[in-house]
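From first to last, the protein sequence lines are chains A and B.
With the first letter of the first sequence counted as 1, position 4 gets the number 3 in numbering that gives the first Met the number 0; the numbers rise by one all the way through.
With the first letter of the second sequence counted as 1, position 194 gets the number 193 in numbering that gives the first Met the number 0; the numbers rise by one all the way through.
Be careful, since some hints might not be right.
Copies of the same chain are indistinguishable here, so a pair counts whether it falls within one copy or spans any two.
Stated by the list, open to error - Think about it this way: if two alpha-carbon atoms lie no more than 30 Å apart in a straight line, the pair counts; the simulated DSS-like pairs of lysine-lysine are:
| id | residue 1 | residue 2 |
| --- | --- | --- |
| 1 | 100 | 188 |
| 2 | 167 | 110 |
| 3 | 110 | 100 |
| 4 | 20 | 115 |
| 5 | 82 | 46 |
| 6 | 115 | 188 |
| 7 | 101 | 49 |
| 8 | 6 | 110 |
| 9 | 110 | 80 |
| 10 | 110 | 1 |
None of these hints come from the bench; they were simulated from the model.
There are 2 protein chains.
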Amino acid sequence: MKELEEKIRQFGTVLPGNVLKVDAFLNHQVDPVLMQHIGQEFAARFKDAKITKVWTVESSGIAPAVMTGLALGVPVIFARKHKSLTLNSGMYTADVYSYTKKTTNRISISKRYVDKTDRVLLIDDFLANGQAVEGMLQIADQAGVEVVGAGIVIEKCFQPGSAELAAKGVRVESLAKVSSLADGQVSFKQTEGED
Amino acid sequence: MKELEEKIRQFGTVLPGNVLKVDAFLNHQVDPVLMQHIGQEFAARFKDAKITKVWTVESSGIAPAVMTGLALGVPVIFARKHKSLTLNSGMYTADVYSYTKKTTNRISISKRYVDKTDRVLLIDDFLANGQAVEGMLQIADQAGVEVVGAGIVIEKCFQPGSAELAAKGVRVESLAKVSSLADGQVSFKQTEGED
């Protein structure tokens, strides 16, 4: 998605440890028009997938997920993140390790809003080690719902998440594929016939 | 806003301690079409306020805030919430006490995305004791920016937040005004000439 790549080039900053900071338009300050276009793009890519729900994890996934839900005409659920590994019988839960923050969070989705017949699209802002998507997949397994794929705003191709999801047969659609952050420069993977 | 009141009547649940649970459409599961209408309504009410930025606090404020930013054509900033009272020189910060969770969080907004000439609309999902809005007002004071008002999805009129903001001269626009949750029933304050 050229518009997103342009934003990353213009406003993204590369920090030590292969961190791409995009808090100018996605993670802290949010560009609502870009979010709308992102939502429309995910909806277009998954238009034949008969999606009934969009799932994401708070907080940075919420804006793109809600715009995707709007474009698809389906509800969105944002999984809650808890520092403490609390138990709750009314929730599906999974533990998600954050490599950036070096902490484990428990994410949860209320059973009340999950239907056995759901066909779920997972949305997240980043795919790096794939922990957040992996956590949502675990919840989908517990709930017995079908995951039609994962829509990722920014994929870091040089980290293992993408390959691991592919190995599980999960369809991944990433709107920007970052192939390298070496020397503080953002390089994108070439994609065929894009835009 | 009748559509919102209907949603609350149909899907809201009242819990002990004057808690109104709206995780069916706002706080956990999110209704994107309702969020869009909420954003359009805030934009209409503040259309002459020359707003340059929308601020909110993660996580539940993000969906209505992003839709408001989209309708107004301005960027959105969601303040980050931290459990630990960390210091960070690049951030404006304020401490926010949660009566529901009985914890203090530090909220922060990066100085990088604040302009002295900003005219800010504060958005939040609930107004009860007013702590989150109060925290954003403190940050606005530190930053020296003008707050044009607060757009609240659900105001609990029987709690002190609303009166405290009014006493400070903050314009508050609430889309649903809950006057009572007594006996597990949601009652709304009558508003003149609405819808």
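Now the hints, each set against the structure:
1. 100 <-> 188: within (27 Å within a copy, 44 Å between copies)
2. 167 <-> 110: Answer is within; shortest intra-copy Cα gap is 25 Å, inter-copy 42 Å.
3. 110 <-> 100: Both: 28 Å inside a copy, 22 Å across copies.
4. 20 <-> 115: For residue 20 and residue 115, only the inter-copy Cα distance (24 Å) is at most 30 Å; the intra-copy one is 37 Å.
5. 82 <-> 46: neither (35 Å within a copy, 40 Å between copies)
6. 115 <-> 188: The answer is neither: 37 Å in one copy and 39 Å across copies each exceed 30 Å.
7. 101 <-> 49: neither (36 Å within a copy, 42 Å between copies)
8. 6 <-> 110: Intra 37 Å, inter 20 Å, cutoff 30 Å: inter-copy only.
9. 110 <-> 80: both (16 Å within a copy, 26 Å between copies)
10. 110 <-> 1: between (38 Å within a copy, 28 Å between copies)
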